[in-house]
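**Student:** Given chain Y, put chain S in place with the hints provided.
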Amino acid sequence: QVQLQESGPGLVKPSETLSLTCAVSGYSISRDYHWGWIRQPPGKGLEWIGSSDHSGSAYYNPSLYSRVTISVETSKNQFSLKLTSVTAADTAVYYCARVDTGMDLGDFDYWGQGTLVTVSS
Amino acid sequence: QSVLTQPPSASGTPGQRVTISCSGSSSNIGANYVYWYQQLPGTAPKLLIYGNDQRPSGVPDRFSGSKSGTSASLAISGLRSEDEAHYYCAAWDDSLSGVVFGGGTKLTVL
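So the sequences go chain by chain: Y and S.
Numbering follows my numbering, with no gaps: position 95 of the first sequence is 95.
Numbering follows my numbering, with no gaps: position 102 of the second sequence is 102.
Be aware that a few hints might be false.
Unchecked claim - Example chain S residues on the side facing chain Y (calculated, C-beta under 10 angstroms, incomplete):
no.	residue
1	V18
2	P45
3	P56
Claimed, not checked - Covered, in the sense of this in silico footprint (three residues per stretch, anywhere, with C-beta under 8 angstroms from a C-beta of chain Y), are these stretches of chain S:
no.	stretch
4	47-53
5	67-81
Unchecked claim - Capping the alpha-carbon separation at 20 angstroms, the derived lysine-lysine pairs in PhoX-like fashion look like this:
no.	chain 1	residue 1	chain 2	residue 2
6	Y	K44	S	K106
7	S	K46	Y	K44
8	Y	K82	Y	K13
9	S	K106	S	K46
The set of hints was computed from the structure by calculation and includes no laboratory data.
C-beta: ideal position from N, C-alpha, C; glycine also.
Extracted from the complex, chain Y is given alone in its bound form (with noise of 0.2 angstroms):
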């Protein structure tokens, strides 16, 4: 049974950078796959962050391109993302999820519970 569970700050200061982290267990990290991340705008839709597999191939929404990082850590079995000069728009639940690449990269076919990260001073 995959699970992904995401951890990290609820709060983060204008400016900085957010941080959080997806453990997977049932799962091996290193195998095929993506890793992802989509976020949710408190009573708005959903929004793609961008996902990477363990080699570093990594694809980001182009509007967060200069500010996002999707990193894969194999040996803690465990993805991160970082996004940086964070605004209250970057308030959001963030999702973390596998994405199933047999066909593209929007088959997400396990998520996270999703933590809600608030940007604010």
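**Tutor:** Same frame as chain Y, now just chain S:
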């Protein structure tokens, strides 16, 4: 403004069949697979349909997906109260080199 367009709301009574549309363009739906996600209140999204019309294991056959040109649809037959949720379509976009989502449709079971 989402790249994929969905109606903000839909409704039906128990037992009815409802459809939710998702409109895109030649760079996303027209060229790539469509996915549908169900988000029950207060929970993470769940994959409902992949590859335009495939159901993951465990998803009831009451849910079906289809695609034609640059549009896709999700159909739910035999509507049940537990189907009340938000539904999102998604696809890879070749122009943006990224995944795009629809704005979501809130389904109400009357």
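**Student:** Of all the hints numbered above, which does this structure not satisfy? Sort the numbers upward.
**Tutor:** Hints 1, 5 contradicted; others consistent.
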